[in-house]
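Undergrad: Protein chains in written order, with this note's numbering: chain A, 2 to 341; chain B, 726 to 1004.
In short, the hints are calculated from the structure, not lab data.
Errors might be hidden in some of the hints.
Just some of the chain B residues that point at chain A, by a computed CB distance under 10 Å [claimed, not checked]: (1) R834; (2) D837; (3) A838; (4) F839; (5) L840; (6) S844; (7) A850; (8) P857; (9) L859; (10) Y927; (11) L940; (12) W949; (13) M960; (14) P961; (15) V978.
Coverage of chain A stretches by chain B, computed from C-beta distances (three or more under 8 Å per stretch; other residues unrestricted) [what the hints assert, rightly or not]: (16) 11-20; (17) 23-29; (18) 141-147; (19) 283-296; (20) 306-313; (21) 318-330.
Built from N, CA and C at the ideal position, the CB exists for glycine as well.
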Amino acid sequence: MSPLLKYIVKRFLLLVLVVLIVVTITFVLSHIIPGDPARLYAGPHARFEQIQKARAELGLDKPLWEQYTTYWIRLLSGDLGMSIHTRRPVTQDLMDYFPATVELTTVAMAFTVILGILLGVVSALHKDRAPDHASRLYALTGVAMPVFWLGILAQLFIGHSLGILPISGRVDTMVELFYPTKRITGLFLIDSLITGNIPAFISALSHILLPALTLSFATLAIVSRMMRALMLEVLDQDYIRTAKSLGLPSRLVVYKYALRNAMIPVITVIGLSFGYSLGGAFLVETVFDWPGLGRYTTDSIVTLDYPAILGVVVLTSIVYVLVNLVVDILYAYLNPKIRY
Amino acid sequence: MIRHSPLTILGIGVVSSLAILAIFAPYVIPYPEDAYLSIHPERKLMPVSFEHPFGTDDMGRDLFSRSIFGTRISLQVGAIVILVAAIVGVGLGGVSGYFGGIIDEAIMRITDAFLSIPSLVLALAVAATLGPGLNNAMAAIAVTWWPWYARLVRAQVIQIKQELYVEAARAMGGGKLYIIFKHIMPNSLAPIIVNASMDVGYAILTAAALGFLGLGAQPPAPEWGLMISTGRKYMPTRWWYTTFPGLMIFLSVLGFNLLGDGLRDLLDPRIRRKGRAKR
Chain A
2 MSPLLKYIVK RFLLLVLVVL IVVTITFVLS HIIPGDPARL YAGPHARFEQ
52 IQKARAELGL DKPLWEQYTT YWIRLLSGDL GMSIHTRRPV TQDLMDYFPA
102 TVELTTVAMA FTVILGILLG VVSALHKDRA PDHASRLYAL TGVAMPVFWL
152 GILAQLFIGH SLGILPISGR VDTMVELFYP TKRITGLFLI DSLITGNIPA
202 FISALSHILL PALTLSFATL AIVSRMMRAL MLEVLDQDYI RTAKSLGLPS
252 RLVVYKYALR NAMIPVITVI GLSFGYSLGG AFLVETVFDW PGLGRYTTDS
302 IVTLDYPAIL GVVVLTSIVY VLVNLVVDIL YAYLNPKIRY
Chain B
726 MIRHSPLTIL GIGVVSSLAI LAIFAPYVIP YPEDAYLSIH PERKLMPVSF
776 EHPFGTDDMG RDLFSRSIFG TRISLQVGAI VILVAAIVGV GLGGVSGYFG
826 GIIDEAIMRI TDAFLSIPSL VLALAVAATL GPGLNNAMAA IAVTWWPWYA
876 RLVRAQVIQI KQELYVEAAR AMGGGKLYII FKHIMPNSLA PIIVNASMDV
926 GYAILTAAAL GFLGLGAQPP APEWGLMIST GRKYMPTRWW YTTFPGLMIF
976 LSVLGFNLLG DGLRDLLDPR IRRKGRAKR
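Required output: the full structure, derived from the provided sequences and hints.
TA: Now the structure itself:
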């Protein structure tokens, strides 16, 4: 086995272990709930027998270990149980709500990476001059701003005062009425584009800009600082000095030789930032009325819908671990210096 | 050392003024009765004025008084959460790093599992499970925070365990407890303090986020996140309702951040030298 393959297998086994513990943690959590889910499921005016029936229906009358094994068996067959508030399979709910969150976090991550690298390079090239000071100030304030507050401010200034961008929802209701988007992937930007639905694409794009920018505000600041430091380090290397002394145009030296090498470690932050964005998306979705997992979760919380909450936690952590796995493998692949 | 860094001074300034405000809040705020439940229909949702520098809320309460009083809640939350997380983390991380082997393996895999759930999602789930309320929110945040300290402390302990002076102490017949408390603990403290001082700000931020989602402090508590959540209903015309509590969160996170940065430069001479050379 090649060392890279060995590394991937090892990481994959670790992933399985982590998922095992995560599911156990969430299962334990869901069973120390103070409220009675069966009572909630049966409704406010249910009689004793109806509550008992609901309890049996939800499997809550069985011993704990039995509930735990059933949960696992069901989980492995993709069944996360019935949601108490939507009364639909949780898996189906997640499939409906998850694409919106994926779309939002992906666009936010794209902003984070592209703008963060750009800002980092600019401040490294203008070290200790105005652009660098400005970006330092931004980095300092960017991570300290509550993302939900930032979203509200963005709605106030850019949405209301300037009236440039829409402030809630995924797509304009009129556009959805006249140019309905065919659901293929659930990602409106992609669906509208591949079906050639230009009005819907424009509407979806204008709706995602504000929430995605809000969500990327803090991670962008972190990436830009890291990129600046890496860029300065690389620009100090001998091979850059050699390239410069050979008379290569500085643009070529910066963008071809320095940038490429400086960018590799940035990949590792992307994995971490993704987790942050996934959590932040829950808040941003609430502010911008974005129909994703965040909204589904807030609704689930109100109704003590623990199969739903459990499903969200299991899903987000698996996605998070997978993304980090991909990031680490990519890093190992791109950087020949790393030891597995 | 501190004198050369204006940002550190700013951080110390912000944090100490917040602390003073928190301690003396009931005596310095202009309308102490507005901190919790009081209703003044005659001055509902008034804009920023001389009498009400931050305006008033939907119950006619003075938002300046409430925002200042909120410092009390948030600083307490931040300090308690990080203290609990650090104690649990230091304990588990220390055991893990010092003894190694199967204990280390078990603790670290559990730590990995906790870290592989996005922290806000985990905090949300735990807070939802325990039910809304400030104490439960604090417990939820502490649950998501200890693994970071466990990792940090473990790395520190493993490194220090191999230092010459520890080996010397062992060679001279020093007992385990003696080595742990006399050598390992004091030397691994600096990064923990640096991290803790920064994390207080982020814990405040997380608590406000939970408050915003309705899982943290409950009305009529003057908690910043909760105030923003209520104020959102009166946007965009009553902009002051959400703006000022948010500004308070921003200021405290910024303050603790700068303080942590400054402390790192002060407490860890190795990083300082490296940082200097690079800059």
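Undergrad: The structure should be examined with respect to each hint, and the outcome stated for every one.
TA: Here is what the structure says about each hint:
{"no.": "1", "hint": "R834", "result": "holds, 6 Å"}
{"no.": "2", "hint": "D837", "result": "holds, 6 Å"}
{"no.": "3", "hint": "A838", "result": "holds, 3 Å"}
{"no.": "4", "hint": "F839", "result": "holds, 7 Å"}
{"no.": "5", "hint": "L840", "result": "holds, 9 Å"}
{"no.": "6", "hint": "S844", "result": "holds, 6 Å"}
{"no.": "7", "hint": "A850", "result": "holds, 5 Å"}
{"no.": "8", "hint": "P857", "result": "holds, 8 Å"}
{"no.": "9", "hint": "L859", "result": "violated, 16 Å"}
{"no.": "10", "hint": "Y927", "result": "holds, 9 Å"}
{"no.": "11", "hint": "L940", "result": "holds, 7 Å"}
{"no.": "12", "hint": "W949", "result": "holds, 8 Å"}
{"no.": "13", "hint": "M960", "result": "holds, 6 Å"}
{"no.": "14", "hint": "P961", "result": "holds, 4 Å"}
{"no.": "15", "hint": "V978", "result": "holds, 4 Å"}
{"no.": "16", "hint": "11-20", "result": "holds (count 3)"}
{"no.": "17", "hint": "23-29", "result": "holds (count 3)"}
{"no.": "18", "hint": "141-147", "result": "holds (count 6)"}
{"no.": "19", "hint": "283-296", "result": "holds (count 4)"}
{"no.": "20", "hint": "306-313", "result": "holds (count 4)"}
{"no.": "21", "hint": "318-330", "result": "holds (count 4)"}
Of the numbered hints stated above, the single one contradicted by the structure is hint 9.
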